[in-house]
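2 protein chains.
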Amino acid sequence: MNKTKEKVNAAIVIIGNEILSGRTQDVNVVTISKWLNDLGVKLEEVRVIPDTEDSIINTVNELRKIFKYLFTTGGIGPTHDDITSKSIAKAFNMEYGYHAEAYKILEKYYGKDKFNTGRKKMAMMPTKASLILNPSSGAPGFNVDNVFCLPGVPSILKSMLGGLNNKIKGGKKILNKTISAQTVESEIAKALEQVQNKFKKVEIGSYPFFRQGKIGVSFVIRSTEKKQIDYCHKQIVNFLKEKKIQIIER
Amino acid sequence: MNKTKEKVNAAIVIIGNEILSGRTQDVNVVTISKWLNDLGVKLEEVRVIPDTEDSIINTVNELRKIFKYLFTTGGIGPTHDDITSKSIAKAFNMEYGYHAEAYKILEKYYGKDKFNTGRKKMAMMPTKASLILNPSSGAPGFNVDNVFCLPGVPSILKSMLGGLNNKIKGGKKILNKTISAQTVESEIAKALEQVQNKFKKVEIGSYPFFRQGKIGVSFVIRSTEKKQIDYCHKQIVNFLKEKKIQIIER
Numbered sequence: 001m002n003k004t005k006e007k008v009n010a011a012i013v014i015i016g017n018e019i020l021s022g023r024t025q026d027v028n029v030v031t032i033s034k035w036l037n038d039l040g041v042k043l044e045e046v047r048v049i050p051d052t053e054d055s056i057i058n059t060v061n062e063l064r065k066i067f068k069y070l071f072t073t074g075g076i077g078p079t080h081d082d083i084t085s086k087s088i089a090k091a092f093n094m095e096y097g098y099h100a101e102a103y104k105i106l107e108k109y110y111g112k113d114k115f116n117t118g119r120k121k122m123a124m125m126p127t128k129a130s131l132i133l134n135p136s137s138g139a140p141g142f143n144v145d146n147v148f149c150l151p152g153v154p155s156i157l158k159s160m161l162g163g164l165n166n167k168i169k170g171g172k173k174i175l176n177k178t179i180s181a182q183t184v185e186s187e188i189a190k191a192l193e194q195v196q197n198k199f200k201k202v203e204i205g206s207y208p209f210f211r212q213g214k215i216g217v218s219f220v221i222r223s224t225e226k227k228q229i230d231y232c233h234k235q236i237v238n239f240l241k242e243k244k245i246q247i248i249e250r
Numbered sequence: 001m002n003k004t005k006e007k008v009n010a011a012i013v014i015i016g017n018e019i020l021s022g023r024t025q026d027v028n029v030v031t032i033s034k035w036l037n038d039l040g041v042k043l044e045e046v047r048v049i050p051d052t053e054d055s056i057i058n059t060v061n062e063l064r065k066i067f068k069y070l071f072t073t074g075g076i077g078p079t080h081d082d083i084t085s086k087s088i089a090k091a092f093n094m095e096y097g098y099h100a101e102a103y104k105i106l107e108k109y110y111g112k113d114k115f116n117t118g119r120k121k122m123a124m125m126p127t128k129a130s131l132i133l134n135p136s137s138g139a140p141g142f143n144v145d146n147v148f149c150l151p152g153v154p155s156i157l158k159s160m161l162g163g164l165n166n167k168i169k170g171g172k173k174i175l176n177k178t179i180s181a182q183t184v185e186s187e188i189a190k191a192l193e194q195v196q197n198k199f200k201k202v203e204i205g206s207y208p209f210f211r212q213g214k215i216g217v218s219f220v221i222r223s224t225e226k227k228q229i230d231y232c233h234k235q236i237v238n239f240l241k242e243k244k245i246q247i248i249e250r
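Quick mapping for you: the protein sequence lines, in order, are chains A and B.
Per this note's numbering, the first sequence starts with residue 1, numbered consecutively.
Per this note's numbering, the second sequence starts with residue 1, numbered consecutively.
For the record, the hints were derived by calculation from the structure and aren't laboratory data.
Careful, some of the hints might be misleading.
Not the full set, but computed from the structure, chain A residues with beta-carbon under 8 Å of chain B [what the hints assert, rightly or not]:
id, residue
1, G22
2, D113
3, T117
4, Q212
We put the beta carbon where it would ideally sit given N, CA and C, even for glycine.
Chain A with its partners taken away, still in its complex shape (with noise of 0.2 Å):
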């Protein structure tokens, strides 16, 4: 097993066109950073790329390697564009075809009547996958090894990942802290770094905003060790009080 599979990270793929056209927003990355969050697993690295099979064979077999685990959204519907399921078999070099239990579940949705050829289509996967049950709309996700295959669309998605936390064995979950404060970045950037340097399992980032009119800067704390926040968090509210920067959350 590679060594950096220890590591509890994932990426995410989002197999879509319409995201890379700007056509869509994207939501589903979000939705589950914060879900990993709490199980404790770290998003490392998101790519999106466009719906053609090299380059989802290419990227999910580059990725799954290096991380723990690899979350795929979009193609997994009826149409032509949706060739997720069968790229990822071949990715595997595993049969592709009806899924036994997927056809099951989608013929007792649909009803047999009803149950056309686009509807099959769902169906169609890696036929020894493992499936991810789909509460509101029926055509289940599925994973292989450690590469899981969820739908594009977010409240589908966002449906799908109560089911699955049983699959992931996260670790410490990943705390944050977040302090905002009337100020620009370059009047605090060495005080900042200051405390950084003092606590190098904290990540301190630093984001400018423009709220309502007013100037000002975030800065989050993360971290699996509360103490090391609460610590670091103190630490930087000190200076912003001594500097008399007026702090407008913490």
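Based on the hints, put chain B in the right spot on chain A.
Same frame as chain A, but now just chain B:
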């Protein structure tokens, strides 16, 4: 020169722990993608990576050889987590230091008295980079060869794109047309595939939606050839009418 470089395509690298952590919703992909469509440049890949030197250097060096244009967003501010400029210099084996022109711009923008260390850091980049002017907040972006480094703050990024138009040599403008209809994908999958098979130079995407309680599907036709789009559009409208499916938008 790499052969694939002759394609008028692009990739984006989002340098941002805040996107990976789920704290911030990226909106820059949509902005850049739409701007590229108008310039006739096809966005073909997006990667979101952490704010670490290794990941920036490796990703940039991989993608700049594959794509004609590469855009990075984020990490060019004054704080400790802003390491894009330094990493790009390393990726290109170029000298990193004060950029004479950027230094002058920033000194003038802030005034000599207020031009502190944090602000000066924003003038540090590959010393031989070309600048990308920033009409909204002073600090310029820059490009080295085909790699264009932009800020992460959406409003600032947006304001800087216009000034870049003359540096991008695009192809034919990428056009699109959307038809939305009250149907489900499985009902039209076969007919749609037949249309797609007739038009190999047109990209037809099919996207289910739930809008104000109504279920529907949007068909998005993309191509640089207006005639092809129109003809394809007509054929989709025709089969929808034949199937007595209500067209919401065309």
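Structure-based check of all given hints:
1. G22: Holds, about 3 Å.
2. D113: violated (13 Å)
3. T117: Cβ of T117 of chain A sits 6 Å from chain B, so the hint holds.
4. Q212: violated (14 Å)
Consistency with the previously given hints fails for numbers 2, 4, ordered from lowest to highest.
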